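> Sequence:
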Amino acid sequence: MERFDVVVVGAGPAGSVAAEAAARGGASTLLVDHRTTLGAPVQCGEFVPSPAELVDLLGHPDVIDAAYRIPPATVLRRIHRMVIVDPRGRRVAVPLEGFSVSREAFDQALAARAAAAGADLRHPVGATAVHGPEVHLSTGATVRARVVIGADGPISTVARGAGFVIPRTLYRMITATSAGTFPDDIELYFGSTAPGGYAWMIPKDGSANVGLGVPVLRPGQTLAGLLRRFTTAEGYAAPEAPTRWWVPIGPPPASAVRGSALLCGDAANLVMATNGGGIPTAMISGYDAGVAAAAHVRDGAPLAAYDEQWRAHLFAPLDRGYRIKRVGDRIAGHDLLLALGMRYIGAHGLDEMMRLRWPPRLGRGS
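So the sequence shown is numbered by the working numbering: it starts at 1 and just counts up by one.
These are computed hints drawn from the structure, not numbers from a lab.
Among the hints, a few may not be true.
[Stated by the list, open to error] Pairwise CB distance ranges (calculated):
id, residue 1, residue 2, range
1, G132, A254, 19 to 29 Å
2, G180, R91, 16 to 26 Å
3, A93, A116, 35 to 45 Å
4, Q221, R3, 14 to 24 Å
5, L96, P61, 15 to 25 Å
6, P71, S138, 24 to 34 Å
7, H131, G89, 19 to 29 Å
8, G26, D62, 34 to 44 Å
9, E234, A254, 47 to 57 Å
10, A116, A305, 20 to 30 Å
Because the structure is a prediction, the values reported are computed rather than measured.
Every residue gets a Cβ at the ideal spot worked out from N, C-alpha and C, and that includes glycine.
With the hints as constraints, model all of the structure from the sequences given.
Following this line, the structure appears as structure tokens:
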């Protein structure tokens with residue numbers, strides 16, 4: 001049986017950054033992923049905020065500098081604004097600096113960094129089960145680790161094996177490519193376009209990533225049907241090569257440590273509830289997990305240090321985002337009320353809306 005200090009399951013942004021940090025910290029590290037081509041199929045809107053935007057949101061510039069390194073070759077387009085479109089078509093523009101990226105190239109570049117740091121990268125090799133320190137692989141082999149890091153998404157094999165119970169709603173997501181010429185703005189659409197969720201347009205090079213996410217599908221609805229209706233209504237070219245996935249929406253967990261297992265990224269519910277964004281939080285939590293794992297095997301540091309770190313770096317904005325999402329959920333099924341709420345946000349900001357506990361309670365027959 002092979003033995004490693006750290007086994008990381010999942011070579012997305014969280015897992016690759018975790019494996020790189022663990023390897024750089026002196027831990028023998030195995031990184032496995034079930035996919036033949038890392039980053040494919042694309043299950044993402046393919047937008048990342050600039051490091052400066054992330055510092056404004058989270059603080060901790062030293063951690064962001066270490067963890068959140070966007071591979072320059074993966075950038076497709078520079079983004080300057082986000083335009084929020086309410087159910088009545090009113091548009092509110094918000095400054096936002098970031099990039100649209102090729103997620104396939106992005107994941108592969110991060111995995112290559114982990115391998116260059118000394119991690120043993122193996123794919124397509126999935127984890128079929130985790131029992132304490134033992135990770136059973138799809139090859140039939142079993143490896144043993146002092147620390148197992150679960151970066152394997154919302155349906156996490158590591159989480160199940162370690163006994164994590166994390167409350168969340170799994171949103172149904174679909175994304176596709178629409179050919180055409182698009183402005184340097186992200187567009188987010190709310191209301192009946194994507195009931196209870198939102199739709200998006202993220203410009204790329206000669207095309208756009210178009211998609212949507214919803215918490216439930218009503219009778220007769222399909223994700224593909226909602227996407228066709230959205231792209232037709234907005235005059236976008238017919239969506240091509242759609243892919244589907246799940247995004248976990250819920251509060252940040254009380255702990256992402258259980259025994260010798262750590263969870264990061266989507267597996268730990270570390271997703272911004274207001275927009276489903278998870279790449280920055282995945283990379284930062286992955287970095288924190290890798291650093292904590294290496295310190296544990298190198299110096300005997302308690303794994304509980306991981307909880308201290310990710311909570312310091314991420315808990316407050318994730319918790320705030322989840323509370324804002326809960327307010328939004330109260331009006332998501334009422335297009336008029338949602339339009340009024342978004343107009344209020346445009347004039348006064350989210351903090352003021354939260355302070356006033358807007359909207360008022362909905363009465364019978366609303």
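> Look at each hint and say if it fits the structure.
Comparing the hints with the structure gives:
no.	hint	verdict
1	G132 / A254: 19 to 29 Å	holds, 22 Å
2	G180 / R91: 16 to 26 Å	holds, 19 Å
3	A93 / A116: 35 to 45 Å	holds, 40 Å
4	Q221 / R3: 14 to 24 Å	violated, 49 Å
5	L96 / P61: 15 to 25 Å	holds, 19 Å
6	P71 / S138: 24 to 34 Å	holds, 28 Å
7	H131 / G89: 19 to 29 Å	violated, 54 Å
8	G26 / D62: 34 to 44 Å	violated, 20 Å
9	E234 / A254: 47 to 57 Å	violated, 41 Å
10	A116 / A305: 20 to 30 Å	holds, 26 Å
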